[in-house]
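S.K.: Line by line, the protein sequences give chains A and B. Using this note's numbering, read the first sequence as starting at 1 and increasing by one per residue. Using this note's numbering, read the second sequence as starting at 1 and increasing by one per residue.
No lab work stands behind these hints: they were computed from the structure. Predicted model, so just to flag it, every value in this text is computed and none were measured. A virtual CB, placed ideally from N, CA and C, is assigned to each residue, including glycine. Worth double-checking, as some hints may not be accurate.
[Claimed, not checked] Quick partial rundown of chain B residues pointing at chain A, CB under 7 Å, derived from the structure: (1) 9; (2) 23; (3) 91; (4) 92; (5) 94; (6) 95; (7) 310; (8) 315; (9) 316; (10) 317; (11) 322; (12) 351; (13) 393.
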Amino acid sequence: MELGEEILKMEGITKEYEMGEETSVVLKGIDLSVRRGEFLAVLGPSGSGKSTLMNIIGCLDVPTNGDYWLHGKLIADEDETELARIRSKEVGFIFQSFHLLQRQTAFQNVELPLIYANMSDKERRERAEEMLIKVGLEDRMYHYPNQLSGGQQQRVAIARAIATNPTILLADEPTGALDQKTGAQVMGLFHELNDEGRTIIMITHDAKIASHASRIVRILDGNISEGGLEDA
Amino acid sequence: MLNFAVIGQSLRMALQNIRANRMRSFLTMLGIIIGVGAVIGLVTIVEAVSGELMGEFSDLGAGTISIQTYQSIMKYGLTDKDLEVLRNVEGVEGLSPTVSLTTSSVVGKEVYEETNVEGKNTLYFEHNSNIILSGRAFNEQDMSGDAYVCIVDQSYVKNALLGKQVLGGQILLHGYRYTIIGIYKKSDNMMSMMSDDSTLAGTILVPYKNALNMTGNGVVNSLEVYVEDKADMTKVEERLRATMKNLYNENEDFFAVYNFSSLMDMVDSATSMMSGLLGGIASISLLVGGIGIMNMMLVSVSERTKEIGLRKALGATPGRIQIQFMIESIVLSLVGGFIGICLGEGIAVIAAKLMQTKFVLSGSAILLGFGFSAAVGIIFGWMPAKRASELNPIDALRAE
Numbered sequence: 001m002e003l004g005e006e007i008l009k010m011e012g013i014t015k016e017y018e019m020g021e022e023t024s025v026v027l028k029g030i031d032l033s034v035r036r037g038e039f040l041a042v043l044g045p046s047g048s049g050k051s052t053l054m055n056i057i058g059c060l061d062v063p064t065n066g067d068y069w070l071h072g073k074l075i076a077d078e079d080e081t082e083l084a085r086i087r088s089k090e091v092g093f094i095f096q097s098f099h100l101l102q103r104q105t106a107f108q109n110v111e112l113p114l115i116y117a118n119m120s121d122k123e124r125r126e127r128a129e130e131m132l133i134k135v136g137l138e139d140r141m142y143h144y145p146n147q148l149s150g151g152q153q154q155r156v157a158i159a160r161a162i163a164t165n166p167t168i169l170l171a172d173e174p175t176g177a178l179d180q181k182t183g184a185q186v187m188g189l190f191h192e193l194n195d196e197g198r199t200i201i202m203i204t205h206d207a208k209i210a211s212h213a214s215r216i217v218r219i220l221d222g223n224i225s226e227g228g229l230e231d232a
Numbered sequence: 001m002l003n004f005a006v007i008g009q010s011l012r013m014a015l016q017n018i019r020a021n022r023m024r025s026f027l028t029m030l031g032i033i034i035g036v037g038a039v040i041g042l043v044t045i046v047e048a049v050s051g052e053l054m055g056e057f058s059d060l061g062a063g064t065i066s067i068q069t070y071q072s073i074m075k076y077g078l079t080d081k082d083l084e085v086l087r088n089v090e091g092v093e094g095l096s097p098t099v100s101l102t103t104s105s106v107v108g109k110e111v112y113e114e115t116n117v118e119g120k121n122t123l124y125f126e127h128n129s130n131i132i133l134s135g136r137a138f139n140e141q142d143m144s145g146d147a148y149v150c151i152v153d154q155s156y157v158k159n160a161l162l163g164k165q166v167l168g169g170q171i172l173l174h175g176y177r178y179t180i181i182g183i184y185k186k187s188d189n190m191m192s193m194m195s196d197d198s199t200l201a202g203t204i205l206v207p208y209k210n211a212l213n214m215t216g217n218g219v220v221n222s223l224e225v226y227v228e229d230k231a232d233m234t235k236v237e238e239r240l241r242a243t244m245k246n247l248y249n250e251n252e253d254f255f256a257v258y259n260f261s262s263l264m265d266m267v268d269s270a271t272s273m274m275s276g277l278l279g280g281i282a283s284i285s286l287l288v289g290g291i292g293i294m295n296m297m298l299v300s301v302s303e304r305t306k307e308i309g310l311r312k313a314l315g316a317t318p319g320r321i322q323i324q325f326m327i328e329s330i331v332l333s334l335v336g337g338f339i340g341i342c343l344g345e346g347i348a349v350i351a352a353k354l355m356q357t358k359f360v361l362s363g364s365a366i367l368l369g370f371g372f373s374a375a376v377g378i379i380f381g382w383m384p385a386k387r388a389s390e391l392n393p394i395d396a397l398r399a400e
């Protein structure tokens with residue numbers, strides 16, 4: 001499908017952590033460009049720096065050096081409140097272990113980011129309902145997470161991630177806690193969302209899951225390289 | 001910035017958390033419950049008791065000074081002439097002497113050995129206008145000394161006149177036939193409660209001069225002085241005391257002058273001192289309760305680190321996280337405060353029953369209870385909420 005304008009751009013991103021006397025360098029100059037409508041997989045083993053990269057992409061963290069533009073906005077030296085606003089508008093998170101609030105229904109979980117986005121009551125309810133129907137949970141809306149299967153829980157999490165219509169969907173090992181069959185279903189949903197024009201960035205260590213993406217970058221020891229499946 | 005959905009959602013979450021951790025929440029709230037309960041209970045009791053005392057004193061008469069004399073060898077009591085001197089003291093509006101004696105009364109053929117007889121003048125009824133239940137009070141004609149009319153109290157009606165004609169009926173006192181012209185309500189103040197005597201048939205009021213004739217010595221041992229509205233009570237009291245001293249040859253041992261409004265002031269200051277003391281106790285127990293809440297909130301924050309991280313990832317600003325936890329702590333302390341108020345009012349109801357006083361629901365105490373518990377929630381919830389809001393979302397999400 002036709003790709004749109006560049007919506008994410010990284011130039012020379014580094015991330016260092018002070019560990020007492022030592023400084024550990026986790027990211028060593030990442031350059032990355034993502035265009036609207038892309039389905040990108042960031043493939044790398046654990047300890048490669050992919051989680052740190054994800055945190056920076058998701059505006060949970062800021063880089064030590066380098067420039068990061070998200071949706072045309074340079075993300076640098078923002079305070080916590082401003083970062084929260086950017087996350088609310090631009091990023092939808094999907095986690096390996098779903099991270100649903102256990103005491104809230106599926107519906108309430110999907111409502112949560114909409115509350116933080118200051119959406120009106122009526123609009124919020126309609127939107128949450130629409131999202132749950134979209135992921136095929138119209139008859140599970142008022143179930144609690146522990147009444148849902150893993151695949152269903154991940155679908156709730158996906159509905160929650162797309163509710164605010166963010167610029168990018170950021171998925172961290174989205175199938176890591178699922179069996180193969182449900183994992184494949186979730187991937188199917190990702191393809192659907194991508195076909196609608198949503199930009200997806202998926203972090204994984206699993207080359208097979210990465211193969212679902214239309215583009216793969218590899219990350220190893222804090223360095224990034226474009227790489228096709230043939231290298232996996 | 002702050003919308004109702006956030007508050008509504010926080011409220012819902014707060015109640016869910018309290019319900020999910022019932023035992024822990026209850027123990028946490030116990031400090032607030034006991035603190036608020038104690039304050040409400042004690043304040044209500046103090047208010048009720050002091051209200052009762054004040055009520056009695058004002059029954060006895062605001063704007064009234066009482067003079068009591070004790071018999072001495074020199075002087076049996078106050079004569080008509082003495083009364084005239086007191087009547088002319090500056091600031092005095094009038095006097096109402098009380099002559100009281102216990103004697104026997106006869107109704108029909110029944111003899112009642114112990115009957116209180118009190119002599120009153122017309123001024124007494126002017127100042128105690130609401131005591132006549134039926135019939136009429138004494139008038140000027142009754143005061144001549146040869147009008148044999150009387151007013152009986154309810155217990156005399158009950159004890160001696162049951163089933164008989166009351167108004168217009170006749171009672172034999174000291175050989176004279178008195179016609180009953182009214183029934184009055186005896187004030188059930190502390191003094192009369194203490195001198196409650198079951199052998200007493202009741203009290204009969206007769207014109208003051210008739211009572212003087214019954215006692216035979218022609219003197220008055222007790223009187224009430226009504227002070228002019230605009231006169232200074234304390235100054236009038238001083239002048240009366242000086243006059244009495246003069247009448248008793250500078251000997252202060254044989255009379256007493258009471259000013260009920262100064263007694264009321266005393267009760268008032270005792271009550272406010274008591275309230276201050278209670279306030280002190282209250283602030284200590286609320287401090288303890290507040291620390292309990294802070295502790296529980298800190299535990300809650302560290303237990304829910306992951307939830308906080310998730311909320312932040314979903315776009316919650318630090319301010320919103322802080323508001324959420326503040327609301328939780330306020331709800332916790334308000335629920336505690338509410339239970340405490342119920343407990344305190346319960347204590348007050350039981351205390352009122354035991355002390356046979358009237359239970360008065362004190363609105364200010366309830367408001368105070370709610371205000372205090374809300375304040376505790378805000379003050380002691382602030383630090384844990386701040387800590388929650390400052391959690392790093394990355395670490396928080398990673399926490400297990």
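S.K.: Are the hints correct? Go through all of them and say.
M.R.: Status of the hints after comparison with the structure:
Evaluation of the residue 9 of chain B hint against chain A yields a held restraint, the C-beta minimum of about 6 Å falling below 7 Å. Checking residue 23 of chain B against chain A: minimum C-beta separation of about 17 Å lies over 7 Å; hint violated. Hint status for residue 91 of chain B: violated, given a least beta-carbon distance of 71 Å to chain A, over 7 Å. The closest approach between the C-beta of residue 92 of chain B and any C-beta of chain A is roughly 73 Å, which is over the 7 Å cut-off, so the hint fails.
With 7 Å as the threshold, the beta carbon of residue 94 of chain B stays out of range of chain A, its nearest partner Cβ sitting at about 73 Å, so the hint is violated. At its closest, the beta carbon of residue 95 of chain B sits 75 Å from a beta carbon of chain A; the interface hint therefore is violated under the 7 Å criterion. Proximity of residue 310 of chain B to chain A holds as hinted, the smallest CB-CB distance being about 5 Å (cut-off 7 Å). About 3 Å separates the beta-carbon of residue 315 of chain B from the nearest beta-carbon of chain A, less than 7 Å, and the hint is met.
At a threshold of 7 Å, the smallest CB-CB gap from residue 316 of chain B to chain A is about 5 Å, leaving the interface hint in force. The criterion of a C-beta within 7 Å of any C-beta in chain A is met by residue 317 of chain B, whose closest approach is roughly 4 Å, and the hint holds. The closest approach between the C-beta of residue 322 of chain B and any C-beta of chain A is roughly 11 Å, which is over the 7 Å cut-off, so the hint fails. Look at residue 351 of chain B: its Cβ only gets to about 42 Å from chain A, farther than 7 Å, so that hint breaks.
This hint holds: residue 393 of chain B has a C-beta 5 Å from the nearest C-beta of chain A, less than the 7 Å allowed.
Violation of the numbered hints given earlier is confined to hints 2, 3, 4, 5, 6, 11 and 12; the remaining hints are satisfied by the structure.
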